[in-house]
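Residue numbers (this note's numbering), protein chains in the order written: chain P, 109 to 400; chain A, 228 to 656.
FYI, nobody ran anything at the bench for these hints, they're computed from the structure. A hint or two may mislead.
To be verified - Subject to a maximum C-alpha distance of 20 Å in a straight line, what follows is the list of computed PhoX-like cross-link-like pairs (lysine-lysine):
1. A/K239 - P/K394
2. P/K338 - P/K365
3. A/K239 - P/K307
4. P/K391 - A/K239
5. A/K429 - A/K627
6. A/K627 - A/K430
7. A/K391 - P/K167
8. P/K307 - P/K394
9. A/K627 - A/K642
10. A/K239 - A/K467
11. P/K391 - P/K307
12. A/K627 - A/K434
As the list claims (entries may be wrong) - Covered stretches of chain A (in silico footprint by chain P; criterion: 3 or more residues with CB under 8 Å from a CB of chain P, positions within the stretch not fixed):
13. 311-321
14. 325-339
15. 344-352
16. 359-366
What the hints assert, rightly or not - Every beta carbon over 12 Å from chain P, so not counted as near; a handful from chain A, in silico:
17. Q545
18. D567
19. P602
20. A644
Owing to the predicted nature of the structure, the values given are computational and were not obtained by experimental measurement. We treat Cβ as the ideally placed atom computed from N, Cα and C, and that holds for glycine.
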Amino acid sequence: MWFNASKPDMTVQRTPHTDQVESLTIEAGRADAHYWRDLWRFRELLTFLAWRDILVRYKQTVIGVAWGLIRPLLTMLVFTIIFGTLANLPSHGVPYPVLVFSALLPWQFFANALSDSSNSLLSNAGMISKVYFPRLIVPASAIVVSLVDFAITFVLLLAVMLWYGIYPDWRMLTLPVFVLLALATSLGAGLWFAALNTKFRDFRYIVPFVVQFGLYVSPVGFSSEIVPEKWRLLYSLNPMVAVIDGFRWAVIGGSAKIYWPGFITSVLFISALLFSGIMYFRKTEKTFADVI
Amino acid sequence: MPAIKIENLSKKYVLRHETAEKYVALRDVITGGARKLIRGLRHPLGGGREAEAGSEEFWALNDVSLEIPQGERIGIIGRNGAGKSTLLKILSRITEPTRGRVTLNGRVASLLEVGTGFHPELTGRENIFLNGAILGMSKAEIRSKFDAIVDFAEVERFLDTPVKRYSSGMYVRLAFSVAAHLESDILIVDEVLAVGDAGFQKKCMGKMESVANDGRTILFVSHNMGAISELCTSAALLHKGQLLMQGAVPQVIEQYSRLTLNDQETGVQFADDERKPSSILSVNIRNARGENSNSFDIADEIVIEVSYRVKQVAAGLQLTVTLSRNMVDVLHSFDTDDDDVLPMREEGLYTATYRIPGMTLKAGSYSASVFIGTPELLIQALEHVLAFDVEEWSVNTTAKSYRRERPGLLISPGKWATRMTEEARDAAA
Numbered sequence: 109m110w111f112n113a114s115k116p117d118m119t120v121q122r123t124p125h126t127d128q129v130e131s132l133t134i135e136a137g138r139a140d141a142h143y144w145r146d147l148w149r150f151r152e153l154l155t156f157l158a159w160r161d162i163l164v165r166y167k168q169t170v171i172g173v174a175w176g177l178i179r180p181l182l183t184m185l186v187f188t189i190i191f192g193t194l195a196n197l198p199s200h201g202v203p204y205p206v207l208v209f210s211a212l213l214p215w216q217f218f219a220n221a222l223s224d225s226s227n228s229l230l231s232n233a234g235m236i237s238k239v240y241f242p243r244l245i246v247p248a249s250a251i252v253v254s255l256v257d258f259a260i261t262f263v264l265l266l267a268v269m270l271w272y273g274i275y276p277d278w279r280m281l282t283l284p285v286f287v288l289l290a291l292a293t294s295l296g297a298g299l300w301f302a303a304l305n306t307k308f309r310d311f312r313y314i315v316p317f318v319v320q321f322g323l324y325v326s327p328v329g330f331s332s333e334i335v336p337e338k339w340r341l342l343y344s345l346n347p348m349v350a351v352i353d354g355f356r357w358a359v360i361g362g363s364a365k366i367y368w369p370g371f372i373t374s375v376l377f378i379s380a381l382l383f384s385g386i387m388y389f390r391k392t393e394k395t396f397a398d399v400i
Numbered sequence: 228m229p230a231i232k233i234e235n236l237s238k239k240y241v242l243r244h245e246t247a248e249k250y251v252a253l254r255d256v257i258t259g260g261a262r263k264l265i266r267g268l269r270h271p272l273g274g275g276r277e278a279e280a281g282s283e284e285f286w287a288l289n290d291v292s293l294e295i296p297q298g299e300r301i302g303i304i305g306r307n308g309a310g311k312s313t314l315l316k317i318l319s320r321i322t323e324p325t326r327g328r329v330t331l332n333g334r335v336a337s338l339l340e341v342g343t344g345f346h347p348e349l350t351g352r353e354n355i356f357l358n359g360a361i362l363g364m365s366k367a368e369i370r371s372k373f374d375a376i377v378d379f380a381e382v383e384r385f386l387d388t389p390v391k392r393y394s395s396g397m398y399v400r401l402a403f404s405v406a407a408h409l410e411s412d413i414l415i416v417d418e419v420l421a422v423g424d425a426g427f428q429k430k431c432m433g434k435m436e437s438v439a440n441d442g443r444t445i446l447f448v449s450h451n452m453g454a455i456s457e458l459c460t461s462a463a464l465l466h467k468g469q470l471l472m473q474g475a476v477p478q479v480i481e482q483y484s485r486l487t488l489n490d491q492e493t494g495v496q497f498a499d500d501e502r503k504p505s506s507i508l509s510v511n512i513r514n515a516r517g518e519n520s521n522s523f524d525i526a527d528e529i530v531i532e533v534s535y536r537v538k539q540v541a542a543g544l545q546l547t548v549t550l551s552r553n554m555v556d557v558l559h560s561f562d563t564d565d566d567d568v569l570p571m572r573e574e575g576l577y578t579a580t581y582r583i584p585g586m587t588l589k590a591g592s593y594s595a596s597v598f599i600g601t602p603e604l605l606i607q608a609l610e611h612v613l614a615f616d617v618e619e620w621s622v623n624t625t626a627k628s629y630r631r632e633r634p635g636l637l638i639s640p641g642k643w644a645t646r647m648t649e650e651a652r653d654a655a656a
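Same shape as in the complex, but just chain P (with noise of 0.2 Å):
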């Protein structure tokens, strides 16, 4: 692994003393010129506590990725139960494991991201009262850490898939698309909360409500076809519903559609939350170790 290499590497250190020295100012209420700048310098902070993360879970825990398998694959057995089974809901022709599954992909991304990036300010309290870094780097590597599960639940998919003869086409290629919308829904949504749980902790029992709630007023266990079309523009209104009926639409094609006055719809309204949520965050993050 790249931590491995003990060997000093005399082509990458750095002369500090020879470069042109940097300034900082310092001031109230400053717009903090650098910012973005050290975003992208303290980038590698951003893997390195993701990598923590995911190192000191399967560490901790005995059955390890098995966990990250056996949690969706429970999850779409009692969905298909439910929904298909007993409620005798249409699956577009497809298997109906395979149409809860592809739903819930994103949705457990989504709802782990945004559950643990909203805590993440929190459980990283001690370094935040004591090292300066960009705070927007917290929230953002716990999104990374779910983005990984993700990857791992996405081979999973693709057995299901082959298991039941569905072989994915050009469509998936698209498929990027749709998990950034999801990684944009949960970043703003999780900076939000994230900054709101520094100085309201009742945010900490609203967010497992809000991704309880959430399963059910999301189309993970049947389609969004369901909705009578007078209400899908309202139901659109839930961003996670443009995020999912695309995911439908990339994985399983045959006849999945996307409804495209919703999806736009949801578009705008996920990059206010996004571009909203960063600008809450940057105001507050100041503050957080005096209130942390």
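Please arrange chain A on chain P, whose structure you already have, making use of the hints.
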């Protein structure tokens, strides 16, 4: 161009009294807001502007201006709550000032704590990379310094052991070592040297000195005046959020000691209580020169002087002095300790002096209690009647057993001697 330029720096905190907890619950904000709204409706013309009950402003730093030239090693001193940590937090960009401005010319490394972000489950190797990244080093930079860090920390054999299995000494050594290899032009250090064993602390001081000799600027906060005089070329004194003085180390330390001295009582008088067979009239605490004082160097003699009046002849009248530090009694002494038979005290005025030689009490804040009585009867008790401080001014206690933070209540009067009893021989011989 100064390395650090601080202009009119102020930082305000709002203290909340209602709740013991630092954070706000949303529910309180909502109920508070509702209450305000109702009050506003009832008294539409007034009352809305009243100050929020239970909160109080507190200026942790108040209009501090300071210039630190390139290559200077400055020690920041002051009592607890003087604003030292707030200053460090602002300079380290952890918190934002309320007013004022700081200009830092050069790459800043700040060490407010060793081992920030260390994870017990990760190995030493993994933690070096993680901690380095948290402190702002790049992967390539950490890799290039890896050997030096491991060497300095002396943990080579345990590199692949989770740090939760490390001894606390090893843990601290590794943590300091990562930080010590951070390349910077300005180094900001909080009392991080208060950890680890004596040998390693010496090594850390050496490392800091070599950093300083490279022409880098160091800002060092410590309670240990010995360490400050040894390491720093100048000092600044903070008091109640304000900068009182900046200058040469001995002068600033002297000013600091005067500050602590003026702050507390050094002598107390008592009215003669007619009903008591004997009564204490005054208790004074003095230095070797006979001046009242309550701030002593660790090497100074401390004199406690008690005057009392005996109104009825008393057999076995005893005076007792008890010194306590952090509410733990560290020393207990009778004025009759040297007598084989308890003396008889006739009616009259007495003055008893109790001399505590230098290098007896460890650095810290002490309080003295004085009692008078006979073995059968306690006549008068003056608990915690005076307080005084012992400071590590003349001695750098970094590597000493009696350093403030170490266990033990007093400086040991015992003497050590070591001689070689057998010379090492070649195993083959």
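> Of the numbered hints stated previously, which ones are contradicted by the structure, given in increasing order?
Replying inline: none
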